[in-house]
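K.L.:
Hints in hand, dock the two standalone chains.
Protein sequence lines, in the order shown, are assigned to chains A and B. Residue numbering for the first sequence follows this note's numbering, starting at 1 and increasing by one per position. Residue numbering for the second sequence follows this note's numbering, starting at 1 and increasing by one per position.
Source of the hints: derived by calculation from the structure; they are not laboratory data. Think of the CB as a built atom: it goes at the ideal place given N, C-alpha and C, for glycine as much as any other residue. There could be a bad hint or two in this list.
To be verified - Listing some non-contacts, in silico: residues in chain A with all C-beta distances to chain B over 10 Å:
1) Pro6
2) Asp147
3) Ala426
What the hints assert, rightly or not - Quick list of simulated restraints, FRET-style, between CB atoms:
4) B:Ile12 - A:Lys284: 55 to 61 Å
5) A:Leu428 - B:Arg76: 38 to 44 Å
6) B:His131 - A:Pro82: 41 to 47 Å
7) A:Asp304 - B:Arg399: 56 to 62 Å
8) A:Val30 - B:His186: 55 to 61 Å
9) A:Asp414 - B:Ser70: 43 to 49 Å
10) B:Pro18 - A:Pro82: 25 to 31 Å
11) B:His186 - A:Asp142: 38 to 44 Å
12) A:Lys191 - B:Ser70: 29 to 35 Å
13) A:Leu428 - B:Asn240: 46 to 52 Å
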Amino acid sequence: MLYNEPSPHEVKVLTQRFGLPNSTTVDTYVANEGFQAFMKAASMTPEAIVDEIKKSNLRGRGGAGFPTGMKWSFVPRNNPKPKYVVVNADESEPGTCKDRPLMENDPLQLIEGMMIAGLVVDSHCGYIYIRGEYRYLIDIMDRAIEDAYAKGWLGKNIQGTGFDFDVYTHTGAGAYECGEESALLESLEGKRGVPRIRPPFPAVAGLWRCPTVLNNVETYCAVPSILRMGGEAWANLGTPRNGGTKLFCISGHVNKPGVYELPMGFNLIRMIEDVAGGMRGGRKLKAVIPGGSSCPILRADECDIPMDFDSLKNARSMLGSGGVMVMDETTDMVQIALRIMRFYQHESCGWCIPCREGTLWLKKILTRVSDGMGQNNDPALIHELANNMLGRTFCPLGDAAAMPTIALVEKFRDEFEAYVRRSPMADLTATETPVPVGA
Amino acid sequence: MADLLKLTIDGIPVEAAPGTLLIDLTRRIGKEVPAFCYYDGLSQVAACRMCLVEIDGMPKLMTACTQPVSEGMVVRTETPTLTKARKGTLEFLLTNHPLDCPVCDKGGECELQDMVFRYGASESRYVEIKHHHDEQQWSPIVYFDPARCILCYRCVRVCSEGMGVHALGVVQRGAYAEIAPNVGDHLNCDECGMCIDICPVGALTSDTYRYQTRPWEMDHVATICTHCSGGCKTTLGVRNDEILRANNRDRSGINGEFLCVKARFAFDFNESTERLTTPLIRKNGKLEPASWSEALKFAASKLKQTRDSGGEIGVVGSTRNTNEENYYLQKFARQVLGTNSVDHQQSGDVITLLDALAGRKDALATADDLYQSKAVLVIGTDLAQQHPLIHWQIRANWRHHAARTYTISQGPVREDQHSVAALQTDPGQELQALPQLRDQLAAEPELVIVFGDTVKGAGIRELVAFGDSLGIPVKYVSLVDYVNSRGALDMGVTPFFQPGYQSAANAGLKGGKTLPQILDSGSLNLLWVVNADPLEQRTLASEEAFVIVQDLFLTETAKRADVVFPSASLYEKQGTVTNVFGQVQRLQRAAQTMGAKPDLEIIGLLAKELGAAPQMGPWMADKVFAEIRETVAGYNIPLPVIATGGAAQTQAPAEALGVANDPSLVRSAQNTLFTSGTLGKYSRKLDSLLESPGALYQDMGALELTSQ
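In isolation and in its complexed conformation, chain B is listed as follows (with noise of 0.2 Å):
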């Protein structure tokens, strides 16, 4: 590292690195200068001039924003000159700013009004009209109204640079100047509300939470997105039990302030009027309401029955429950119900590539490591539209660390915009096309690989050694489709595994069957579904089966059932969940909907009306996740991280995990940025986005995502 340069500000003196900008260096050591366009990782524009300092020897104030540190350097960062600059600027702010705080969403935590009570003026001295425009819709999801925005460029650089979407820029000059879509008058993009978020102002608001409520009548519930394995953090606002927000203003967590469409918007399937409040028991061939002791002991008889005359039962878990809902699942399936027939929908050949790497020891990519990486190749994905945190972390290494990016892909992807080679191919040939970016991959000093399902089985080996043969360090990311598919692996939701790899058929546990050999088995006596929705395109081969279903909606696996549990959402939920990079996250229940039970609770009653509750233990959360830490590998993370709302990263195991995949069994929902599998189903916001991002892309061939 470079020598740091001494400098004093405000009569203290600090060091820092070369390069750093002033305003960074003010903010660390605790002295705030105000600002409305800076924006930490986005680009230098010094437009709204609140950042003003006093350098000894300039002539004129400076902008902190754009001023590097050098040695030697007097920066005054509050003085009586400054303060009326600044107050001077907001004066000049607000001279056509509709002052409507009383009606802003914003009020209460904008910039501008804190800005304001920190400088500005009491009484108004303009005297004169302000010039207004109108408020616009630009999409169903995105509001502006121009009047209240000071034009910091925020939107603009975050869509531009943050999504590579380009969908913003600006019209008009001067006092009339406005922020626009660059086509037309709505917006054709991701609609992943980033310009929203980082509006320092009013101007942008959703349609999800305008005019609903005000920041202080919430609760704010830090959690993690319930949708894809990214497994994003996310700060929703509640009140009464009803989430109104969801956001990640304090940029902590894996994603910084990053969330997508459906971490933002699509938290509605939770207030869904489709949603089960009560437990439903097949009477005469209909489903009917019942209580739920009448449920659960219904439900318990069948359970206890068909174990005790041996019955054949099968069992399904879900890649959307939490990791202690999985565990204890499973636990309760080997050691209550003693069938080894546990299975989820897998999503991506985890297992084959934990296999292929076992022993080595930072081989799988985390979140950051994307982020850091000089190089990262991309196989047989779209990431912006599938895994749209992967993406944004991809990019912003491209930007702010030159990050060489390559890419093998069914079609064009937004990756192109900045990667070094674009290579296209038939699914399944992706790689076919490896050898051609040998010579430039193993030039590189190190590099992440992201594929797709579509690399499974020998396909993945083939991949790891076409890694070793590089010779450089590479570590691997194999995209999964949900918020916990990686943790219901690793929790040994599949009859191949006990939690934590461990091989099932060395413990004893034999003749397990696979999910379609569950949903083809003639002979299934008792189905239970947790969360899933396996008949969603199929259906149950035996027609006597007693089908119980834990879900938050009537799906088609749940009108099959002859018992349905209303269960708790994951918004509704403590524990824990592990995402797409291995990284357990813990969850905090934000809201919680009248009549629903945590999965985890139903799970443990069934338990209890079966009297296994002293074998398996207490049904919460902590608890649970204390048994998982003693008993799976690679999960004894440190509590604290996770307590804190930090990301603990788990290990590949150590040694070969003996059992193959079958990857016939892995295939990827392949949803796109506006649909989550069930859960994307009931949103209504996410059926009201179903345009075509298409004018994203040269060719709309890419997007054909047809549903297998």
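Okay, chain A solo, but in the shape it has when bound (with noise of 0.2 Å):
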């Protein structure tokens, strides 16, 4: 189902099919296109293939924005091994909502992806890890795949072309750090989702320490259209080096928030006022975080951008998932601080020491600060913590913690000081602070 209207400014590629009857069905999506870039793939040489999907400027949809092509020619191919491609849907960073309608309205696209990944890397064996809270989609999916399995679109000597593949999913329990490629691959193999020691990456020893191709759900799915529509077309969608479209998760205090397509480098403020029918109430805009909760919040003047990965790096962000969270005047950063940081030292896993203490230590500062409890260091405090946590930590979840934080601190440094203003401990040195009752 949708949940929200398309909008006119949308290019819709990865989402064609939304909104069909039946769509996730294999006769729906043979009939509107579906497997036609397999069975070209199919007749290709895993290089040429790999030499599209490098033209297309295609680059990892889960946050990072790796160029998909390289990563994908990293896969020693001729490993005596088994070789497995992995769909990463563990989609849980706040503000992100994109992998979701991906696989609820078009289910048999991510698996076509799967499949040209698996041609390329003589991989016949596909994972789909999809998060535990995402319950209904795995209904969604094995229905496909079994769908797809009775058509012969998996299985064995896939429609003649020789190519076996098969594709399960398995759930996630409920943890954030399980969207760490790494610690994916260890909940996939049952055991504890913590992040492994990289190098070796998974291209190398992934999945049972095996050769493994591992992408977000958007990234397989953006493969077939790559490949119908040849490479240098799907790139010009976009701008340079950032080929393509992408779904965005516009939410917060906009008037249509929802999931919409756009090319890639679409301006930040037309997206809000153009795609999203303007700012809430007509109220001003404050803030914006761009791309899921772990990426540095823009302040409005700075939101005239192009939203694509090297523009958003410039700006000392991340285009990261896509989540973009629009903030007007009302809003309280000192809240959106502490619901960031309750989110970080909830999901850090706790195997290093700076994540697992420092995302507690702010959590516990930023509540005493809300509560009226400041003290006039702890904006200094906030701010030096999270930098002691940044690039230190074993994953990136600890940096996902402290970049936000650390913004937020420097950007809107005024608001946290007026809550210390406010508190009766506000002078207090740390020494002078009384001990809580019960500690």
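P.N.:
Right, here's the structure in full:
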């Protein structure tokens, strides 16, 4: 089902079959260009397929923006071990809800993308790791997989191409950390979901220590259209080095929140005004988190920016997963910082010290400040502690907690200080602070 | 060897083999990069983030524990940025740490404490409530205080990787993540205490040591464990002549940091209230306390009288005495008492093995061979239960060198976790399974064969013939029970041989009786038992025999005695012992028990009473060992090696022994992890641990160890 009206500004490539009757069935899929890309790819060499993807400038849609063609070319096709295709459908980044409609409305596009990856790396087995909270999507995926087997689009000798491919779904158990690719693999292997030391990267030693292609749902979903349209044509939908279209999940204080497929490089202000129907109640824009909660926040005056990986990096933020969270002038930034830190503290896997202890400490300080018991040095302390986490943690989760916090304190320091000024404990030093009852 | 790579650390040019980790290299050149979670020999976890270093060309700080060296690398280990980073991480660690150093067992030798002294903040900026978890008891030995835990996962790794026990894991997540037993709320494990030993902070503590003392109040005495034949080096923590703890934290010796439950916790027999502290003399059918001089005179007069009247004397030595004591005892028996009836309980057929291997060099495996050999064959023993050090070495070999292990056993054994072939047979049938492994074994580049007491006599010759037929270098270990089982044989505590396997018969010593013959002889006039309990499960045939016993406890044999001398334990002696591999190691006296004397001194005093002191020589361990070095083949070992806590390897005799062993004399006591002969009976700690480690095995049948 669709959760929002489409916008006329959308360029519907990945979402072209959204809204069609029975869009999850093989019949509808095949009648609407489905599996054309796979049949085309089956007659191409793996190198040619990778070339098309490289030409498309497709960059990983999970948030890191690593060029997909290059990633696939790292997988040693001739390795005697089995190779695996794994889908990261552990969509958990706050503000992000793009993989869900892709699987809900067009599950076979994902499967086709996996099959093409299988052709490239000589893999015959794919896993879709779906976050536990998306359990209902597993039913949809499983029905689509069953349908594909029944119609000869999965299994042995698919459509006479001689290519065998099996797909399995696997459910997570509710850990954000398992969206980190190596933690996902640990979890998929049935172990505790903590990240692995890299290198080796999954391309070399992934699932069961075998070569593994591991991409986000949206990345796989983009592959069929790339092969259908040709890499160059697909790339031209976006900006240089940022090919194609992307699903943006616009939420927050806008009139028409929703998931919209827009060309890469689409201007953020236009996204808010033209696509999402402008600010709620005509209020003033205050800030935007451009790509999910881990991305440093942009002040209103920084929002006139093309939404692509490079532009946002230049603005010291990130495109991330495309979770655009729009905030109007009524938003309390201390509460935003607290909400974000509560999330990361709750989701920290506990493996390494800076993330495990840092998130908890920051949450406690932010809670205290929010409760009106802040101290003068708290804003500086928050800033310093977040910086002590940044770049020091085992996996990017620590950075994901530190980066937005640092940006919030730097860009809206006055709001933190206003909280502290109202506090009766403002002027106390640490040693003078009364020990809380029960400590 | 591959070419060395050149790199620069803190401006110092260094060379290292490819694959070397930066953290190892920095430590080698004296730059200590701090780390909690990194532990040489265990898998990498990179969790503590303390070992960050700066590397030119890397945008971020890198963990030295995961970074292999590369050519031209420029590394800095001490910069203001790094100090700030380490300080920041320590500050995070301390937020929820209880800072209860004044009452923590680890205070004074705590890695966290050391690190905070080096980098940490003097004042806490943390004003929030610390979260707290109550202390838990996981087993009769292991206590866990989650609040102190810094989650370095060393305990989890040493338990699963090092021991193969897999008893520990992690529960919850984030700041509430906690180490926990994998099954339920208690440990079903070997109770080896490796987790406690390896813990860098005071999170894991042992029942025996917790809240007893502070590290600086103890003397730390490096000696050899008195239990099994592995001969592990152990450092005893001793305060006021009381042993409070045993570990080998400096990782020296043949065992590194490894100690099993017996070495680590079963030293409490030494302080047992049942220790004998005064000589006893049988008066009116009852053993009554007596003075040393009275008891010595009484025993010596009986010895003299029996000798002079041509009576039959039997002397029983011990597998827990030092080489010096056994040497001195057999010398006394043969030269002063004129009897060749000197024996002890053999637990492995070392004699036949040495005979079969005579003239070969390096055919006896050492502890290090078990760690280095490309392949190991284990026959007829459950090493994890009976020879924990050997199990540890083989497992480490598999972990670090991908060694291939083959087992032939009665039931499932721990090695099956990684063995390439595991055959199960009835006891005594092990050798018949060998042909099934022939092709695989012949394809190995080298092999160490470890076998238990079911392979003896002709079986050993069959086994050596099989080894020869493989066409590869093969080394052997014949397992024996106790700390000096091997040394007792080397020292000639057997009627067949004088020290160094010189035939007793050739030297004119005839008619010596073996242990069962002594016990069964109805005409025996005097039995002298030093630290053994031959009457534990049988009776002495001669009801008239006068019995002299030296022991720590009133054993079954001591109860039958006419004179009992209280002797000192191995932890209270100087001397040397020889382990199962034939390695000689030196003891250090760690404690003393009021009233007890070392057996060497007791034998010496008896010699003096008999007027044989000049003939016997001084009863000082070093003097006796000097004589052993001169007279016993294979024992002319370099003194500096053993004087500095090393193990010196003895060699198999150069020529065939010429005298066959009687295989029926060979019988292992089949001790488990939680039994240790007489000493085990008097260790309350071991008694408290007699729970079954059965969950580690699929089939409990393997553990039905019947006392034979």
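K.L.:
Compare the structure with each hint and give your call.
P.N.:
Hints, one by one, checked against the model:
no.: 1; hint: Pro6; in the structure: holds, 39 Å
no.: 2; hint: Asp147; in the structure: holds, 37 Å
no.: 3; hint: Ala426; in the structure: holds, 13 Å
no.: 4; hint: B:Ile12 - A:Lys284: 55 to 61 Å; in the structure: holds, 59 Å
no.: 5; hint: A:Leu428 - B:Arg76: 38 to 44 Å; in the structure: holds, 39 Å
no.: 6; hint: B:His131 - A:Pro82: 41 to 47 Å; in the structure: holds, 44 Å
no.: 7; hint: A:Asp304 - B:Arg399: 56 to 62 Å; in the structure: holds, 58 Å
no.: 8; hint: A:Val30 - B:His186: 55 to 61 Å; in the structure: holds, 59 Å
no.: 9; hint: A:Asp414 - B:Ser70: 43 to 49 Å; in the structure: holds, 47 Å
no.: 10; hint: B:Pro18 - A:Pro82: 25 to 31 Å; in the structure: holds, 29 Å
no.: 11; hint: B:His186 - A:Asp142: 38 to 44 Å; in the structure: holds, 40 Å
no.: 12; hint: A:Lys191 - B:Ser70: 29 to 35 Å; in the structure: holds, 30 Å
no.: 13; hint: A:Leu428 - B:Asn240: 46 to 52 Å; in the structure: holds, 49 Å
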